[in-house]
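J.: The chain contents come next:
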Amino acid sequence: MSILVIAEHDNSALNANTLNTLNAAAKIGGDITLLVAGSDAQSVVDEAAAIASVSKVLSANDAALADGLAENIAWLVNGIAANYTHVLAPASNFGKNFLPRVAAMQDVMQVSDIVDVVSADTFVRPIYAGNALVTVKSSDSVKLITVRSTAFDAVEATGGSAAVEELAFGEAFEGVSFVSRDVTVSERPDLATAPIVVSGGRGVGSKEDFAIIEKLAEKMNAAVGASRAAVDAGYAPNDFQVGQTGKVVAPDIYFAIGISGAIQHQAGMRESKVIVAINKDEEAPIFQIATYGIVADLFDVVPELTEQLS
Amino acid sequence: MKVLVAVKRVVDYNVRIRVKSDGSGVDTDNVVMSMNPFDENGLEEALRMKQAGIATEIVAVTVGTEQSQDTLRSALAMGADRAILIKADEAPEPLGIAKLLSKVVEQEEPGLVILGKQAIDDDSNQTGQMLAALLNWPQGTFASKAEFEGDSVNLTRETDAGLETIKINLPAVITTDLRLNEPRLPKLPDIMKAKKKPIDMVEAASFGVDLAPRLEVVSVSAPEARKPGVIVANAAELIDKLKNEAGVL
Numbered sequence: 001m002s003i004l005v006i007a008e009h010d011n012s013a014l015n016a017n018t019l020n021t022l023n024a025a026a027k028i029g030g031d032i033t034l035l036v037a038g039s040d041a042q043s044v045v046d047e048a049a050a051i052a053s054v055s056k057v058l059s060a061n062d063a064a065l066a067d068g069l070a071e072n073i074a075w076l077v078n079g080i081a082a083n084y085t086h087v088l089a090p091a092s093n094f095g096k097n098f099l100p101r102v103a104a105m106q107d108v109m110q111v112s113d114i115v116d117v118v119s120a121d122t123f124v125r126p127i128y129a130g131n132a133l134v135t136v137k138s139s140d141s142v143k144l145i146t147v148r149s150t151a152f153d154a155v156e157a158t159g160g161s162a163a164v165e166e167l168a169f170g171e172a173f174e175g176v177s178f179v180s181r182d183v184t185v186s187e188r189p190d191l192a193t194a195p196i197v198v199s200g201g202r203g204v205g206s207k208e209d210f211a212i213i214e215k216l217a218e219k220m221n222a223a224v225g226a227s228r229a230a231v232d233a234g235y236a237p238n239d240f241q242v243g244q245t246g247k248v249v250a251p252d253i254y255f256a257i258g259i260s261g262a263i264q265h266q267a268g269m270r271e272s273k274v275i276v277a278i279n280k281d282e283e284a285p286i287f288q289i290a291t292y293g294i295v296a297d298l299f300d301v302v303p304e305l306t307e308q309l310s
Numbered sequence: 001m002k003v004l005v006a007v008k009r010v011v012d013y014n015v016r017i018r019v020k021s022d023g024s025g026v027d028t029d030n031v032v033m034s035m036n037p038f039d040e041n042g043l044e045e046a047l048r049m050k051q052a053g054i055a056t057e058i059v060a061v062t063v064g065t066e067q068s069q070d071t072l073r074s075a076l077a078m079g080a081d082r083a084i085l086i087k088a089d090e091a092p093e094p095l096g097i098a099k100l101l102s103k104v105v106e107q108e109e110p111g112l113v114i115l116g117k118q119a120i121d122d123d124s125n126q127t128g129q130m131l132a133a134l135l136n137w138p139q140g141t142f143a144s145k146a147e148f149e150g151d152s153v154n155l156t157r158e159t160d161a162g163l164e165t166i167k168i169n170l171p172a173v174i175t176t177d178l179r180l181n182e183p184r185l186p187k188l189p190d191i192m193k194a195k196k197k198p199i200d201m202v203e204a205a206s207f208g209v210d211l212a213p214r215l216e217v218v219s220v221s222a223p224e225a226r227k228p229g230v231i232v233a234n235a236a237e238l239i240d241k242l243k244n245e246a247g248v249l
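Chains as they are written, first to last, in my numbering: chain A, 1 to 310; chain B, 1 to 249.
Errors might be hidden in some of the hints.
Here are some of the chain A residues that sit facing chain B, going by a computed Cβ distance under 7 angstroms [said to hold, decoys possible]:
(1) Ser2
(2) Ser12
(3) Ala16
(4) Asn61
(5) Ser92
(6) Val179
Derived lysine-lysine pairs resembling BS3-like cross-links, with alpha carbons at most 25 angstroms apart [to be verified]:
(7) A:Lys273 / B:Lys243
(8) B:Lys196 / B:Lys50
(9) B:Lys243 / A:Lys280
(10) B:Lys227 / A:Lys215
(11) A:Lys273 / B:Lys227
Calculated from the structure, these hints are not laboratory results.
Nothing here was measured: the structure is a model prediction, and the numbers come from that model.
For each residue, glycine too, the CB sits at the ideal point set by N, CA and C.
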């Protein structure tokens, strides 16, 4: 088995989800090559080569690869995919964007968002917002897979010294160009990997009152999340959304505050170790999956909690 | 410009599905079905393009059984001009759907294809990107804003870090995120009018594309249920439980 993993990065640092994806690759078993496609991303290449489970790093350096445009990354990966038995990418917006494009070029049916590796050709993935798990066996000669990072522990980021090989890029795809990026700046830890997540929902009531969520998060050194209702209402930016179509998180503690717990929200947080629900509606579905629940007005309980935490 | 909008009939998003006891699949008998929510965003965007004079004709297309006509009728009631049902008894995989849609694109020659970013039943998030690849068109996925300017679109996409804007030339494939727009609810006269709008029916097999599944479903199971929790009285008791019972603080 020879496995190609596509690294996610911002040209300066490796995204942690790459380490989780590498663990899924290790479970499949075989030689692992890590592709860093970017522009002036030498620091990422260095990070990649230092990972113990990586036996080779491919470095593609081209201005056309700077911004993760799916057309260009797909072209690059398509050119080398046939050299491998498996091609893996994180099931983030980065991986979801380009890998199906490669799959169609390869005439392969991608296996999306796997949460377990049964064998080299059989994988488990959630469907229906995680309310069912399907085990599928792929008959394609190259298996293209996106990996749910919360379902696999990260591999060691150090301890290796993989050889680095340059990979030439061809011509940029015509008809697509990067314009601008509007990144949410937050003092808080990354939502996808934080051990504690504090999320607010419709019950928070306004953008101003969302500060109550941020204060508790700050006290706990937690990441801030939100339900779709809170994001739609403009209380929080889109990248805070936890759920079936937002981010999937699995922290040690997940606080669901003023969140009713629709199926779509549960899909993004039900694998959390401990779930705390604070909601004044005792019938709210979130209480059915909460480890600890408080039935009360969040505007009473949350400041109290923030105050009492040392 | 003609706009092709792909829609899918799925189990309604409010339904809590049940896994069949023999592990062969999910029980979809007698459950409420509706149009995939992301596809409603796609259709709404096309309708707004028509109102703005950018789109001239909106064609809704689906792949499914005869029952998928319901979904096409909903699309026609929202305002699509006509609809195409590609009949297939066994639901093809996203790769097969993308191949069928690429054939429809060859016939219809739209300037834009809009799809939902994922269907809420199989959660694959693949068809739009695959279609763009098969057509060798640019793609704008997870769109939350689309501004048309001559032969190109400034497309704002939702990413894990926030938002990004790309410029793509038409023809192109766009996949929608939920914040692209607020889909309209059809009014009764529109529902009545929709009954008279045409639906073309074509057999999937007539397109001559390989629809054989590449993934064999070994089994379907329910996720492990969470242990029932407890209600605590106040913040102090919660902190105590988190520290001393769960050991996570």
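J.: Work down the list of hints and note, for each, if the structure agrees.
T.: Structure-based check of each hint:
A least Cβ separation of about 20 angstroms between A:Ser2 and chain B goes past the 7 angstroms threshold, and the interface hint is therefore violated. The beta carbon of A:Ser12 comes no nearer than 13 angstroms to any beta carbon in chain B, farther than 7 angstroms, and the hint placing it at the interface is violated. Against a cut-off of 7 angstroms between C-beta atoms, the interface hint on A:Ala16 is violated, since the closest Cβ of chain B lies about 12 angstroms away. Against a cut-off of 7 angstroms between C-beta atoms, the interface hint on A:Asn61 is violated, since the closest Cβ of chain B lies about 21 angstroms away.
The beta carbon of A:Ser92 comes within 5 angstroms of a beta carbon in chain B, closer than 7 angstroms, and the hint placing it at the interface holds. Hint status for A:Val179 relative to chain B: holds, with the closest Cβ pair at about 4 angstroms, below 7 angstroms. At roughly 14 angstroms between alpha-carbon atoms, A:Lys273 and B:Lys243 fall within 25 angstroms of each other, so this suggested pair holds. Proposed proximity of B:Lys196 and B:Lys50 is supported: the alpha carbons are some 20 angstroms apart, at most 25 angstroms.
Taking the CA atoms of B:Lys243 and A:Lys280, the gap is about 24 angstroms. The hint holds against a cut of 25 angstroms. Between B:Lys227 and A:Lys215, the direct Cα distance comes to roughly 30 angstroms. Violation of the 25 angstroms bound is thereby established for this hinted pair. Restraint check: the Cα-Cα separation between A:Lys273 and B:Lys227 comes to about 11 angstroms, which is no more than 25 angstroms; the hinted pair holds.
Hint compliance for this structure: hints 1, 2, 3, 4, 10 are broken, all remaining hints hold.
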